[in-house]
Amino acid sequence: MNTSTIENINKEIEKNLGHQHLDDIMVIASPFTGSSKVVYILTPTAIPMATLQQWSAHYRCNIVEVSGFDWDNDMTPWSATNVPATEPPFAGHAASFLHLLTDHIVPEAEHAMGLSTDTERTLLGISLSGLFAVWSWMTDDCFTNIGSISGSFWFDNFIDWLQRHVIHKSGMARFSLGALEGSSHGNPRFANVQEQTREVVDILIKAGIDATFTTNPGDYFAPIAPRIDSMLSLLFPNAGK
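Heads up: the sequence shown begins at 1 in the working numbering, then just goes up one per residue.
These aren't lab readings, by the way, just hints derived from the structure by calculation.
For glycine and all other residues, C-beta sits at the position ideal for the given N, C-alpha and C.
Some hints could be false.
Heads up, simulated SDA-like pairs for lysine to any residue below, C-alpha to C-alpha not over 25 Å straight-line [what the hints assert, rightly or not]:
hint : residue 1 : residue 2
1    : K11       : P44
2    : K15       : H58
3    : K206      : L115
Simulated restraints, written as ranges between beta carbons of each label pair [stated by the list, open to error]:
hint : residue 1 : residue 2 : range
4    : A57       : E87       : 15 to 25 Å
5    : H165      : T81       : 40 to 50 Å
6    : A91       : P237      : 17 to 27 Å
7    : P237      : I205      : 17 to 27 Å
8    : T212      : L180      : 42 to 52 Å
9    : P237      : T119      : 36 to 46 Å
10   : A57       : N157      : 38 to 48 Å
All chains, full assembly: derive it from the sequences and hints.
Spelled out as structure tokens, the structure:
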């Protein structure tokens, strides 16, 4: 797909979302002609379009990146103590953001890319948006698959909630952490993130879900692009074959 067509698609998305007073949220689409698969990536900061296009071409899928939302509050499912505790508490606006995502951003992006209703959607999140990906998957049917990079599963009461609300999903769930995560952070809330991620994966597996856990070299999710690329390779293992 040529550059001018991609620019027109993104201008249409920006215009339509702007009419809905969503100007603070940045939505960037990288389409791949002939694919009905769409990956929605929730990031704290925008990723260059050139990188999104490389991923679309290699993994043969449409990619929609969403950034510019209220990270601490829109990605958290209920009110909880922040990290550090001196910061304002997490507000727990995930339900409102999920409505915004599924009822506005998803249809506008897919309409602009000319996709049909039989789209297979994957939600990919990082840190708090990795937490959001799991929570939203258990509460909504918009997304077939999820990927969670360095998911914030230390979040207060989340694992207890998941144990009570887990339901079977026919899609896949992929999880990754940096091998050093947890061990190199002074805050005790992060210390058990390896075990907490494994516990989340085990809960999903016991519910009959295709869930796997992988470690990557390094700590936390930074730098972000290589970790996303690694996650996409887990979600699309046959790309390039």
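Structure-inconsistent hints, enumerated in ascending order: Those not satisfied are hints 2, 3, 4, 5, 6, 8 and 9.
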